[in-house]
Structures are given as C-alpha cells and as structure tokens.
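2 protein chains.
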Amino acid sequence: MSTAPDFDEAFKDKLEDLFRWRRDVRKFKTDPLPVDLVDKILSIACVYSPSVGNSQPWRFVKVNDPKRRAAVKENFEIQNREALDNYQGEKAKLYASLKLAGLDQAPVHIAVFADTQTERGAGLGQSTMPETLKYSAANAIYTFWLAARAYGVGVGWVSIVDPKMVADLMDTPPEWEFMGYLCVGYPEEENQTPELVRHGWQERGELEAFIFER
Amino acid sequence: MSTAPDFDEAFKDKLEDLFRWRRDVRKFKTDPLPVDLVDKILSIACVYSPSVGNSQPWRFVKVNDPKRRAAVKENFEIQNREALDNYQGEKAKLYASLKLAGLDQAPVHIAVFADTQTERGAGLGQSTMPETLKYSAANAIYTFWLAARAYGVGVGWVSIVDPKMVADLMDTPPEWEFMGYLCVGYPEEENQTPELVRHGWQERGELEAFIFER
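Heads up: the protein sequence lines correspond to chains A and B, in order. Under the working numbering, the first residue of the first sequence carries the number 21, and numbering increases by one thereafter. Under the working numbering, the first residue of the second sequence carries the number 21, and numbering increases by one thereafter.
I should point out that these hints are in silico values taken from the structure, not numbers from a laboratory. In this text the structure is predicted, and so the values were computed from the model without any measurement. Treat the hints with care, as some may be off.
One copy or two, it doesn't matter: identical chains are merged, so the pair holds either way.
To be verified - No more than 16 angstroms apart at the CA atoms, straight line, and that leaves these computed lysine to aspartate or glutamate pairs for EDC-like:
#	residue 1	residue 2
1	60	36
2	87	195
3	60	33
4	49	228
5	60	29
6	111	139
7	60	228
8	93	228
9	49	37
10	82	233
11	60	37
12	111	223
13	60	226
14	113	102
15	87	233
16	82	228
17	47	102
18	47	215
19	47	209
20	113	151
21	184	195
22	49	26
So here's chain A without its partners, still in its complex pose:
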C-alpha cells in the first residue's frame, strides 16, 4: 500500500474552484475534440467512479451516427415544447427563452445508461436499495463532468427527452436504463454562476434549506 497523496491547501482551493466553475453547458463551440482527450475523460469516469458493490453499472454510448443524433434532437424539441405547457404567463415566456441543450453544436454526444441487471458486484449493497445502481451511474456522469471541466471541456446533461425512445434508438439491451444524454465540447464561455441563476429561473438556496439535525 503506497502512501496517500497530500491534498494541500492550494489543491483544496483549486478543487473548490473546479466545483464552482463546473456548469451545465448549453452553448458549445463546434470545434472537434481530440479523440484521446474524450477517451481520457471517459476512462477516469469508468475506472474511478464510486459504485455500489463495485458493480460499475455505467454504460457510456458514444453517439456518432448522424441519424440517431437527429432523432434525439427531434425528440428533445418535442419534449421541450410539451414541457413549456407546464408553465403560464411570465414563467412560460422565460422557459421558452432558455437554451436548454447544445445538441446542434456539441461535437461529441454520449448516451449514458445504467445496466440494472449487471452481475458485477453480485448484488452487494442493493437488496433493500436496488436504485443504488442508478445512483452509481449518476455518479459516473458526474466524474466525467468534473474531469471534463478540469480538461477545459464542457458537458451538458440533457434530460428533456423520452428515455424509452432514446433507449430504443440506441439499440441497447432492454435492461439498460437511460440516465441522460450528454452534449460534450469546448464551451463558448466560462462562468462561475449557474445558467439558471443567470437567466432568472432559479436562485441558489441558503444552507438552512439543505442541512438538518436529528
């Protein structure tokens, strides 16, 4: 067993910067990403993410087929229009003005799934909480997201799609559950403030809203 690295004050400050500057990116440059860069970030996510029972249930599907990409974009537009119907008046106007996905510009698209029937890990930790498999896949998306940010790459997690439609489109095993569609590329801009705060949709809450005692 090697000695653990020293995570000094400078690193801890920079780590907090990383968390602070990681955005859900919707505006991308169309510049291609080097393939080995994408593979590096994917590798970090796939090897080091936490998973219940070491199940590693994440499945990252790089979507390169233009027809599949077009179908996802079309579905996003349909679902986004339907979502707009949930709002009225000023809220609806604001919703309609938001850019919620960079499907057109992002050079790399990745559909992420959780293999809900993986034998890896032999079910350890899942008996009473089978949903932990999906939480592990969500954590792998977040590892990808953080690592990408450190490498200057932006990621947008698109959930405004019909999960069943995307799964069928990707021709993946039926036990794979769709987690999200990632738009990946160099961001048009960097910002330490979330888009939805900047555009007036939702402010951040105070800590008292999130931390309790029993």
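Could you slot chain B onto chain A? The hints should help.
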C-alpha cells in the same frame, strides 16, 4: 464574469489522485471531527453540486441522537443478515467476512434524502425524467465524498438498511426519499484500491465493458 481558473497539469494529476484514493470507508478512527470541518464539507456539497433545474433537492440530516443511531445500526445488522441469505458456499463465507459499514466507530452520521416534491427549479428538466431529482441528490453525496477525501475525511455510503424504516426514524417529510446513510470520520487507513477488490469480492472491469459506439 471573472476569468476561469487555470486547471494545470499538476492539478489534473492531483485530481486523478483524488478520484483514485476516494474509498468507501468502513473502518474509522473514533476521533471526533471538528464541527467547522464537517460544515465546510457540507457547504461545498450543498452549494456546488449539479442539480436538474437548479432544484438542489438534497437534504442532509446530521444524526446526533444516540437512540436513532442505535436503531439504524440494528436495522443494518438485520438487513445484512438477510442479504447474506442471497449467497451460498464460498461466496456466502466471503460476504459474511466483509465489514460493510463503520456505524460503531464513525463519529459523524448523516442520513441523506432527496426532496422529491421540491418546488425549487419549478420542475425544469424533470417532466420525462423525474428520477433526475434523485440523481442530483446522489451527486451531492458524491461532492461531499470527494471534498471530504481532499480534507482527509473518510465517508462510507451505507445502503444495507430499510429505506422506509430510516425515513420514519428520522421523522422527515414523507416526500423526502431516503438516499443513503453516511458514516463520516477519519479513516483508519488509506488505500488506492477499493475494499471489495482487496477482499476478493469484485475486480474492476476493463474499459470495453463500459464504453460503446452507435
């Protein structure tokens, strides 16, 4: 808008170390943690974690009541014995030998929930995928986990409990869904290899198992 920080090669290497050395910790020192240290790590998780629609649905409940802690431990032991019944022969022996939670020693216990009916974010991004609220809470746990590791603090995410029992025990709103019980404290040891790999339960897979193309 300030200039984004530079995440240089040294930081990227150290970030990869952080991912590599973050463990699910089951063996803790009983030494108390400074309250402001726990609050710092909680603050990082609550302010900076990604969330669908900026909903911030995470609810961290610090469990200080010894009776509640004892009840969780008792439930873990019951559920762990039941989980053992899923295995036979050598696998069962191995399962029985694993230490799967540090409930006895960890000085800090936190029950984490997702507020599935939060109005924050006004449902943005959730219409077709309401489960993204829980994925956001899972990611807040992971931010806590990573930040803790950078501060030399270990975290174990315990899922071998009855989620409904823990929710009832914590007397939290019924719409809060239990995500996991965190044991938090200084780890007895550091290791860059997952416990379940070290103890022969589950090896890590190769990248081909996780990355696909369409």
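State the violated hints by number, sorted upward, taking the hints as numbered earlier in the document. 2, 4, 8, 9, 17, 20 and 22
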